[in-house]
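Taken in order, these protein sequences are the chains called A and B. Each residue of the first sequence is one higher than the one before, counting from 20 in my numbering. Each residue of the second sequence is one higher than the one before, counting from 20 in my numbering.
Derived from the structure by calculation, the hints contain no laboratory data. Please note that the accuracy of each hint is not assured.
Just so you know, same-sequence chains aren't split out, so a pair can sit in one copy or run between any two.
List time: in silico DMTMM-like cross-link candidates among lysine to aspartate or glutamate, alpha-carbon distance up to 25 Å [what the hints assert, rightly or not]:
#1 Lys-216 / Glu-66
#2 Lys-104 / Asp-85
#3 Lys-243 / Asp-303
#4 Lys-243 / Glu-300
#5 Lys-23 / Glu-66
#6 Lys-301 / Asp-239
#7 Lys-76 / Asp-239
#8 Lys-116 / Glu-146
#9 Lys-216 / Asp-173
#10 Lys-93 / Glu-214
#11 Lys-115 / Asp-336
#12 Lys-243 / Asp-91
Chain by chain, the residues:
2 protein chains.
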Amino acid sequence: MPQKVRIALDAMGGDHGPPVVIPGADLSLTRHPDTEFILVGDRTKIEPLLESYPRLKASSRIVHTDVAIKMDDKPSQALRYGRWKSSMWLALETVKKGEADVAVSAGNTGALMAMSKFYLKTMAGIERPAIAAIWPTLRGESVVLDLGASIGADTQHLLDMAVMGSAMARILFDIERPTVGLLNIGVEEVKGLDEVKDAGQLLRDRNLPYLDYVGFVEGDDIGKGTVDVVVTEGFAGNIALKTAEGTARQIAGYLRSAMSRTIWARIGYLFARGAFRTLAEKMDPRRANGGVFLGLNGVVIKSHGGTDAEGFAAAIDIGYDMVRYELLAKISQMLNSVPRVAAEQAAVESAP
Amino acid sequence: MPQKVRIALDAMGGDHGPPVVIPGADLSLTRHPDTEFILVGDRTKIEPLLESYPRLKASSRIVHTDVAIKMDDKPSQALRYGRWKSSMWLALETVKKGEADVAVSAGNTGALMAMSKFYLKTMAGIERPAIAAIWPTLRGESVVLDLGASIGADTQHLLDMAVMGSAMARILFDIERPTVGLLNIGVEEVKGLDEVKDAGQLLRDRNLPYLDYVGFVEGDDIGKGTVDVVVTEGFAGNIALKTAEGTARQIAGYLRSAMSRTIWARIGYLFARGAFRTLAEKMDPRRANGGVFLGLNGVVIKSHGGTDAEGFAAAIDIGYDMVRYELLAKISQMLNSVPRVAAEQAAVESAP
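This is chain A alone, in the form it adopts within the complex:
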């Protein structure tokens, strides 16, 4: 039997803290009984809740702290007062020390990324981490990165993201060679930033073993599911994600008001309730909850701050998969086959 997956939870993270984290962990444990949890946070708030979840209680231990990062703290503030002692930091510490395989937090994204970078450091060969999410599409799901870990991306960072996103897609979708596209804009000749063009050229030339580069994709290709992995720098990626969320909410708003305007619409709604339920499930942001921090010495998962137990369990599930199917090993393996831009340029320059 394989070793258990050891998951550290920032029990105080998110808008709700333990009342979402504890039942979420219990839900995920039902799906993956080979899990052990480290619950990091205020013992006086965690222990009473655990009484209702005996199975989780038996599979977990508590690391106590009464310091928690607030949702609106700036990353630098959070680092200043939360280092060494906040629930977020201590959850990362269990990963750093090898006591846990993955840390999951619904806390403040900026603080979590700042602490992860500071404490876990980036993997050898990776300059900057990225945040990747699972994006529901018409064809299923895709991995999209970077959603805002950093702004701007040079050629090397784009290549590294193609590799890291593919490693994640190989695990999630259980495919050997995910298709990869670089996000770009449509006008043929302005066609994008030089670094995007260069990264595309390198990916095409190399024809890497574990990813199938298909070329540039545009914003509407994300929802279509044209490729398994969409790579872009963090500013545009974040704008794309938030714009899609906004559009989904906007259409849901239109639909709600249209379905309640007339008596006929209300009757129709009653008949079609099952269909609307299916639609709501399709659009449920909880299903795809869980941003994966890629490029660090350790696996860190960011859950939406406002999610419920179901959503938090989804984030834990992603963390479980990333560990069970060896995300870090897959990334390292792939990185070895990826061109190092600086080294290549140096080689070209020193060529006779």
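With the hints as your guide, set chain B onto chain A.
What follows is chain B alone, placed relative to chain A:
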């Protein structure tokens, strides 16, 4: 009685050419009888169609050419073979020569922008043009720019876009002082590119007469309608637009399949048909068709290439409004009150 609005149409532009352009012009003419049209394109294709639209025939003249820019031409190709003689170029020429007040084309965006820049040139004080669109929101509509005229934007370009977008919003929404937001990403401290921060600071400090700067907005604020004008550089703006279009199509796809899956859903659909029609109208991309090229010596409107007569008429209507309510004069008036970044920096540097 005020002078007529003189509109030049690239009759050969778009996926369909005259069969969409001619009935579209006729539709718009019903709404604005004080319009005169110059129909630029192949006389042998335009004239037979005009026979069905006597009113349009009486209010238009034809400028003949048998050269048309293809939808997939690269801008440089289009300029090379289409200059001086294509329907797109000649439509712009009527504006350049003062024979028309605005040119409307459903042709290739890149070619239209390249020709517009080359021939009409940018307004005094404006370095780069921008493409602005009307974006349907939960609160009504907003103006969003730049949607891909150029990649990247320095502080000055962002300020200029705030002004140009506001001038457009003043006309469209008939408000004196539209609210303006700069598109940015959510993480507090990475908070965006330096130029976005600088532009925000300058807009806040100046408190300009014809726009009300409210701060940074995120991707999901576009659909919410948080501000009347959303300003961003062209790469992120194009990604946002296409991502929103993709998401809308995706949800429409989910909805269609949900509503046809069971007999109950189909019955419900019949009852709620009116509601679905309202929804479809809300989501109809034809309603907001018409990208406005801002910052040129002349008004140029880009219609979607694949639109129908109704959609093309909407693009003409926007062109009509931009002329009737004096877009160019409004922009010039506002530009005078806007800081010139380079001049200010020089002033600071030469200060004692």
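Evaluated hints:
1. Taking CA atoms no more than 25 Å apart as the test, Lys-216 paired with Glu-66 passes in neither setting, with 54 Å inside one copy and 45 Å between copies.
2. In this homomeric assembly, Lys-104 and Asp-85 come within 25 Å of each other (Cα to Cα) only inside a single copy, at 8 Å, whereas the closest approach across copies is 75 Å.
3. Taking the shortest alpha-carbon separations for Lys-243 and Asp-303, both the intra-copy value of 17 Å and the inter-copy value of 19 Å come in at or below 25 Å.
4. Proximity of Lys-243 and Glu-300 under a CA criterion of 25 Å is satisfied in both settings, with 18 Å inside one chain copy and 22 Å between copies.
5. Proximity of Lys-23 to Glu-66 under the C-alpha cut-off of 25 Å is restricted to the intra-copy arrangement: shortest distance 23 Å within a copy versus 78 Å between copies.
6. When the C-alpha separation of Lys-301 and Asp-239 is checked against a cutoff of 25 Å, the pair qualifies both within a copy, at 18 Å, and between copies, at 19 Å.
7. In the homo-oligomer, the alpha carbons of Lys-76 and Asp-239 never lie at most 25 Å apart, since the shortest distance is 45 Å inside one protomer and 39 Å across protomers.
8. Proximity of Lys-116 to Glu-146 under the C-alpha cut-off of 25 Å is restricted to the intra-copy arrangement: shortest distance 22 Å within a copy versus 54 Å between copies.
9. For the homomeric pair Lys-216 and Asp-173, the shortest alpha-carbon distances inside one copy (11 Å) and between copies (22 Å) are both at most 25 Å.
10. Only between protomers do Lys-93 and Glu-214 lie at most 25 Å apart by alpha-carbon distance; the minimum there is 21 Å, versus 30 Å within a single protomer.
11. Taking identical chains as interchangeable, the C-alpha atoms of Lys-115 and Asp-336 lie at most 25 Å apart only when both belong to the same chain, with a minimum of 20 Å there against 62 Å between chains.
12. For a Cα distance limit of 25 Å, the shortest separation of Lys-243 from Asp-91 across copies, 22 Å, qualifies, whereas the shortest one inside one copy, 34 Å, does not.
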